[in-house]
Amino acid sequence: MNRNLLLALAFAALPLAAQTESQWVADQSTLIYHMSHPMHEVDGTSHAARGKGLCHAGQCDFLIAVPVKSFDSGDTNRDLHMIEATRGAQFPMIVVRAHFPQSQTAFSTVSADLEVQFAGQTAHYTNVPFQRTAQGNEVRITGTIPLTCSDFKIDRPSFLTAPIKNEIPVRVDMTWHAQ
Amino acid sequence: MDWKAARPVFRNAVFLFFFLIPSLTPAENPATLAGAVTDAAGKAVPNATVTARNNATGQSALTRTNATGAYSFANLPPGGYTVSVAADGFAAKDATVTLTASGPQTLDLTLTASAAQELPNAPTLGDLGFSQQQMQADPKLQAMLDKHTEMLKIHQRLGLITAIPMAAALITGPMAKAKGHNGQTITEPTNANLDFHAALGGATTVLYFTTASFAVFAPKIPDTHKHGAIRVHEALAFIHGPGMILTPILGAMAYNQENNGQKVHGLASAHGPVAVATAIAYGAAIVAVSWPIHIKFWEKQ
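These protein sequence lines are chains P and Y, in that order.
Start counting the first sequence at 261; every next residue gets the next number (the working numbering).
Start counting the second sequence at 71; every next residue gets the next number (the working numbering).
Read the hints as simulated data drawn from the structure, not as lab findings.
Treat the numbers as computed from the prediction; the structure is a model and nothing was measured.
Check the hints yourself; a few may be wrong.
To be verified - Simulated restraints on C-beta separations: (1) Q395(P) to A144(Y): 27 to 33 Å; (2) D178(Y) to Y385(P): 40 to 46 Å; (3) I231(Y) to Q395(P): 24 to 30 Å; (4) R431(P) to I309(Y): 19 to 25 Å; (5) K290(Y) to F367(P): 47 to 53 Å; (6) I231(Y) to K425(P): 53 to 59 Å; (7) A111(Y) to T408(P): 32 to 38 Å; (8) N426(P) to N329(Y): 54 to 60 Å; (9) N397(P) to V302(Y): 43 to 49 Å; (10) T127(Y) to Q395(P): 49 to 55 Å; (11) F367(P) to V286(Y): 52 to 58 Å; (12) Q129(Y) to Y385(P): 28 to 34 Å; (13) F367(P) to I309(Y): 58 to 64 Å.
Claimed, not checked - In silico DSBU-like cross-links for lysine-lysine, where the CA-CA straight-line distance does not exceed 35 Å: (14) K217(Y) to K425(P); (15) K217(Y) to K163(Y); (16) K333(Y) to K413(P); (17) K329(P) to K210(Y); (18) K329(P) to K113(Y).
Every residue gets a Cβ at the ideal spot worked out from N, C-alpha and C, and that includes glycine.
Based on the provided sequences and hints, a complete structural model is requested.
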């Protein structure tokens, strides 16, 4: 009887353990957007993203922000054109809010619902998969956010009169540590 | 210089000048738009960023709501606009409106809370430690970037168009001397071939300097350190720029000598080589900014 009671208490305690409040801070970040042009395949990289996350009551909310200006594609004029096209001076930050159940933090793949604010517009993406790798006290998260120009009403940047493709996927590689 | 013979060149230059300039000076009649931004409870949302984007031209104006949530735009060109509102803690919202010059128009907008903000204790943008300068909208810079992009787009288009008469002038240069009307090789140039070559040279010169002006007079964006292919592109301008000044001068000298029945001699004999060097530098400048074409080609192999 006592053994059964102990087992029952142990199972009851499992969800509580999983719902422990935890705070996360991004240590390192690499965000890379990719754009395709008939004559160019271009990657623009930023290491300036910052992020914080909170897991509480079975849910996790993560906030990631990166200045639009911080992306470097290897050419000044192209970067300036991208800032102009994405209205980066008016809306200088790309803000991503990720929401997912806390239980997923134990899995190698996390499916998150994302709200992305970019170029003065907001777009939602559901069940975006991110790979999670634990390395000691740190957790590395990698994945791709499938942004498109049309989601944010961005007039597609053009070069030599030809516009880029609508898709501008952003690859995310961030390392987080618990506070 | 034989002005009678040079008339076609001058005529082409004048035509191109008046053909290009009117497209750069649009006429505008101002319209006014005003309104208020509130949350779902009807409470004013101060300091929200409001953008009015002209659907036809892509030009945009930006303002912020005041303490009562009010905003206004004056002197907007009439037309269809997308008005976007963004405020921290709210989902961005946009609406379309058609503005006319008849009188002030009103557009009120209601924002709903951002999905993530509905959860308690969720991190906010202020928690991330970005400086105010990094997060603050800069409408002046956006206007500068808009102008910069617009001028460089025209620069690119005109640059490609310029390559056409430039290539044709290179091709017709030897023909101006080598062939007669009936196809036989002659030692003296024909007036028709010379005039045609001179007209192409004139058109190239006018187009070239018009093209260059759109890059030279494009607004300089502050705090920008140039790197990448654009530096090669600009460096090559130090070759084809002087080349495009010298080539027509030497061409005019050669033209005069030909028309005076002389064989081209002295400095004028450098017209051809200078023109070829200029065209090569010009072509290289275009290729410089298109360099990844080749990378992509080899990667595919």
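Results of checking the hints against the structure:
1. Q395(P) to A144(Y): 27 to 33 Å: Distance hint for Q395(P), A144(Y) is violated at roughly 56 Å.
2. D178(Y) to Y385(P): 40 to 46 Å: violated (30 Å)
3. I231(Y) to Q395(P): 24 to 30 Å: violated (56 Å)
4. R431(P) to I309(Y): 19 to 25 Å: violated (39 Å)
5. K290(Y) to F367(P): 47 to 53 Å: holds (51 Å)
6. I231(Y) to K425(P): 53 to 59 Å: violated (26 Å)
7. A111(Y) to T408(P): 32 to 38 Å: Taking Cβ atoms as reference, A111(Y) and T408(P) lie about 33 Å apart, which means the hint holds.
8. N426(P) to N329(Y): 54 to 60 Å: holds (57 Å)
9. N397(P) to V302(Y): 43 to 49 Å: For N397(P) and V302(Y) the Cβ distance comes to about 46 Å; the hint holds.
10. T127(Y) to Q395(P): 49 to 55 Å: Given range 49 to 55 Å: holds, Cβ gap about 50 Å.
11. F367(P) to V286(Y): 52 to 58 Å: holds (57 Å)
12. Q129(Y) to Y385(P): 28 to 34 Å: Given a distance of about 30 Å, which is inside 28 to 34 Å, the answer is holds.
13. F367(P) to I309(Y): 58 to 64 Å: For F367(P) and I309(Y) the Cβ distance comes to about 60 Å; the hint holds.
14. K217(Y) to K425(P): Holds, at about 23 Å.
15. K217(Y) to K163(Y): holds (26 Å)
16. K333(Y) to K413(P): violated (63 Å)
17. K329(P) to K210(Y): holds (15 Å)
18. K329(P) to K113(Y): Distance ~33 Å between K329(P) and K113(Y) Cα, so the pair holds.
Checked against the numbered hints listed earlier, the structure breaks hints 1, 2, 3, 4, 6, 16; every other hint is satisfied.
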